[in-house]
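**Student:** Given next are the chains, with one letter for each unit.
Protein chains: 2
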Amino acid sequence: MLVRSFVPAHITAFFAPVFHDDPLKTGSLGAGINLAKGTNVFASIETGTLERHVHIAFNGEPVKREEAVISYSVAEKLVPEDFLGEVEIWQYFDFPNGYGFGNSAGGALGTALALGYRFGGTWLRAAQVAHEAEVKHRGGLGDVIAQLAGGIEVRVKPGGPGIGVVDNLFFEDYKVLVVPLGKLSTREVLDGDVVKTIEVEGRNALKALLKEPTPERMIALARNFAEKTGLLSGELLELARELDKVISTPSSMIMLGKGLFALVRGREVEGIRATLSDLGVPYDIVEIYEGKPRVERWFEGGPK
Amino acid sequence: MLVRSFVPAHITAFFAPVFHDDPLKTGSLGAGINLAKGTNVFASIETGTLERHVHIAFNGEPVKREEAVISYSVAEKLVPEDFLGEVEIWQYFDFPNGYGFGNSAGGALGTALALGYRFGGTWLRAAQVAHEAEVKHRGGLGDVIAQLAGGIEVRVKPGGPGIGVVDNLFFEDYKVLVVPLGKLSTREVLDGDVVKTIEVEGRNALKALLKEPTPERMIALARNFAEKTGLLSGELLELARELDKVISTPSSMIMLGKGLFALVRGREVEGIRATLSDLGVPYDIVEIYEGKPRVERWFEGGPK
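From first to last, the protein sequence lines are chains F and A. The first sequence: position 248 = 248 (my numbering), numbered continuously. The second sequence: position 110 = 110 (my numbering), numbered continuously.
If you're looking for bench data, these hints aren't it; they were derived computationally from the structure. One or more hints might be untrue.
[To be verified] List of simulated lysine-lysine pairs, BS3-like, C-alpha gap at most 27 Å:
(1) A:196 x F:25
(2) F:207 x A:77
(3) A:207 x A:258
(4) F:245 x F:258
(5) F:196 x F:25
(6) A:25 x A:207
(7) A:183 x F:157
(8) A:211 x F:77
(9) F:37 x F:136
(10) F:228 x F:207
(11) F:77 x A:207
(12) A:196 x F:211
(13) F:258 x F:183
(14) F:77 x A:183
(15) F:196 x F:183
(16) A:25 x A:196
(17) F:25 x A:37
(18) F:25 x A:211
(19) F:245 x F:25
(20) A:37 x A:196
(21) A:157 x F:157
(22) A:64 x A:37
(23) F:211 x A:25
(24) F:64 x F:258
(25) F:157 x A:37
(26) A:207 x A:196
(27) A:196 x F:157
(28) F:64 x F:157
(29) A:157 x F:136
(30) F:37 x F:258
(31) A:37 x A:183
(32) F:228 x F:183
(33) F:207 x A:25
(34) F:211 x F:196
(35) A:207 x F:25
(36) A:207 x A:175
[What the hints assert, rightly or not] Partner residues are not named here, just some residues of chain A that face chain F (Cβ under 7 Å, in silico):
(37) 116
(38) 123
(39) 168
(40) 172
Ideal Cβ positions, reconstructed from N, Cα and C, are used throughout, including at glycine.
Go ahead and model the full structure; you've got the sequences and the hints to work with.
**Tutor:** Structural data, given as structure tokens:
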């Protein structure tokens, strides 16, 4: 059987981590955006072998256990211990790993949904397994629950699926400009001194956003958060200022990746493309993804 | 400005009401299915008059305040007190009112989302206002939160949006057969003696479903619930038994309406149509709606 799942890429705009002994109560407060590109997972499950095998591949290349700790951990939990057969999990990412697009959570959740679909359980159980693996192995704190919510999301109560609460902003006619320039380790940032400033500024930004819950306010608060925490500085900040000149709302920094994002109006897209080509940076303009992740049986050539 | 929203019809399979002084903690446990047909709301908001007017129409016909208490209550909360202008809310229902398709919640949530989109706030705020109006005026207890979840849903923790928790079942290739035959008053059932049996049987069904969370198990538990509570009896039960002969899973009763529903495989649809025409009952075969309700700006002739 072949199962396909899709999980949107998720960009965090601002956040405050919330730690707890219970991984399901660990999570984050904050806000972010889900994109119509993201992670596609194809899970091939075949019975008839004498052993239980699980293999994972990123973008068509098999990866070792230590390079895919989170997804292997999810698979080990959701493939029954007494299952005899081959489970191959092919994860395809529309954005590069480590750049702040929630690929780690996308792979974990996409894997969990595909395996849940095949082996039983529910959406909540699958999502909780993905969240727990993310938290335990420090992939991220809020991506899974944000990806489940879709749209422009606001994490108003921290925690994993079933515990945390995610709200959504209304928006009209926005697409998302992304400028992915490089990696930033979530783990290193969360282990550094800056985490205290992040906690304070993230909570302040959330409080301010809930007073005026609009996308325009969200992106302005994100920029303020990025600068106040010092995460956005140097050349990246200079580039953000260049982008500001051609977009009606501020640009901000992808949390956590070396990259920028901005909300752009449908009608602004052509003008922005021209300017960005001049700046010579890689970029993409992507639709916002509303709704839930998808999971379905897959047949050669597409769904039936 | 014209805003359009869509909220899926929601059929409850089984339930246990949970009452509380706080409407947001009032809700239900249970399971149900969201359909690709449902309630479409068009909200027309025009400024420039000297007074604040709110008008509501069902299927093109203006309705009095006392005939649309829930939706008027939602509108009064979400149209700002100092707004001067005309608010017209046109609700169109794909299924008849009172037949157990969650029209009341669909109208309330669709109205709340459309007004939130225009006047500000968030999805959660809009959904909570809709839930509170439903609970206060006894339209329903679990429809709003179920409609937000989409798919085949399981209410595992009672309460309104932000408080209650809704899970989803995985499913493959099912459509929903509905046989709508007449009205049943939610209010009268909830005020009757049967509510005690409903509370016990609803919780038992939920417990059993979570042990084996599949659509097939859900529909079997729904049928058992419908018969044990005595809600499904007489001619309706006889008709259910007729349906059982041509469908691989049991049929069950729409909670709460005089009607039946069943899960049918895509490949079974043609055969079922033939049999149902012979039975001479009204029916429809509808897709399951996954994902969240929709809200968007609407322009003459469709979305931009």
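**Student:** Please write out, lowest number first, the hints stated earlier that are contradicted by the structure.
**Tutor:** Of the numbered hints given earlier, those the structure breaks are 1, 7, 12, 14, 17, 19, 20, 25, 27, 28, listed in rising order.
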